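A.B. asks: Next come the chains, spelled out residue by residue.
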Amino acid sequence: MTTTAPALAVGDTAWSTTFGPLTRTDIVRYAGASGDFNPIHHDEEFARSAGFPTVFSIGMLQASLLATFATQWLGADGVRRFTVRFREQVWPGDVLTCSGRVTAVEPADDGQLVEVELTCTRQNGSVAVTGTAIFAVPAGRGGDD
Amino acid sequence: MYTMPIERGKIREFARAAMAPDAAYDAPDAVVPPTFLTTASLSWEPPGELDLGELELDLRRVLHGEEEYVFHGPMPRAGQTLAVTTRLGDVYRKPGRRGGDLTFVTIVHEFRSPSGELVAEQRTTLVQTSQAPDEVRP
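As they're listed, the protein sequences go chains P and R.
Residue 59 in our numbering is what sits at position 59 of the first sequence, and the numbering runs on without skipping anything.
Residue 80 in our numbering is what sits at position 80 of the second sequence, and the numbering runs on without skipping anything.
Bear in mind the hints are in silico, worked out from the structure with no lab data behind them.
Computed from a predicted model, the values in this text were never measured in an experiment.
For glycine and all other residues, C-beta sits at the position ideal for the given N, C-alpha and C.
Honestly, I wouldn't trust all of these hints.
Claimed, not checked - Covered stretches of chain P, going by a simulated chain R footprint (3 or more residues, C-beta under 8 Å):
#	stretch
1	59-66
2	84-92
3	108-121
Said to hold, decoys possible - Partial pick of chain R residues on the chain P-facing surface, computed with a CB cut under 10 Å:
#	residue
4	Arg16
5	Ala18
6	Ala20
7	His72
8	Ile107
I would like the entire structure built from these sequences, with the hints used as guidance.
C.D. replies: So, in structure tokens, the structure goes:
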């Protein structure tokens, strides 16, 4: 017997994914992978001289974690649009929770075009990054929940 | 305009940094993670590629506001080479909540296939504050 995942519907959510506690090494690994070597993200002395208590994460790291969450949910191949807005800085030691909810669905060739809202929240409940995305989701892939 | 080869090893490295274990990012024809195109401007863009015109940015006061990626068809994959153009988009001012103006600056990157087809776009929005960044402490 074959089972087919049900189509996604407005209001559907995915299991949230937790990343961290974020280490300075995680930040440096992303700096190297992306090419963003702004010292404010890895040089303690530089960050302090700029008025910050310590280094802070690269916004695109938590944006990329939100993208990782979204692609695990809706598929790596079908991204049509991915937008993020940076709300609050992320610091070493932070635990980030990514969650998402379907906000619109329309039929497409061999599947659905699915619009979602995405949120990356710090351990204290404050929102670090919000985002929206549109995925082309093939029929039979109803997400990981 | 400059070219950006999409490399398997770079995708794998980026996916690890993004904590993305998906097998789609570790294959000879690996697909790019959604935010991967950021590596174009950070790793491939020649100096002076972006013409800011008369706009002056003070990097000590610039925050990263928004980032948008649009894929017009199948996502780029390892082995492809894309042609990238970078230009200044909208620039506008808004009053900040804590006094002073905020300047919003959009930078548009367009990624084309060798045949000239628009494959993807990236829009970066930077926000320049009118004061030092001590209002963004934790």
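A.B. asks: Each hint should be assessed against the structure and marked as holding or not.
C.D. replies: Structure-based check of all given hints:
With 6 residues bearing a CB less than 8 Å from a CB of chain R, the stretch 59-66 of chain P meets the requirement of three and the coverage assertion stands. Counting residues of the stretch 84-92 of chain P whose C-beta lies closer than 8 Å to any C-beta of chain R gives 5; at least three are required, and the coverage claim holds. A stretch counts as covered by a chain when three or more of its residues have a beta carbon under 8 Å from one of that chain; for the stretch 108-121 of chain P and chain R the count is 0, and the coverage is violated. The interface hint given for Arg16/R is met, as the beta carbon of that residue sits about 7 Å from the closest beta carbon of chain P, less than 10 Å.
Because the closest C-beta pair between Ala18/R and chain P is about 4 Å apart, less than 10 Å, the hint holds. With 10 Å as the threshold, the beta carbon of Ala20/R comes within range of chain P, its nearest partner Cβ sitting at about 4 Å, so the hint holds. At a threshold of 10 Å, the smallest CB-CB gap from His72/R to chain P is about 8 Å, leaving the interface hint in force. Taking 10 Å as the C-beta cut-off, the interface hint given for Ile107/R is violated, the closest approach to chain P being about 14 Å.
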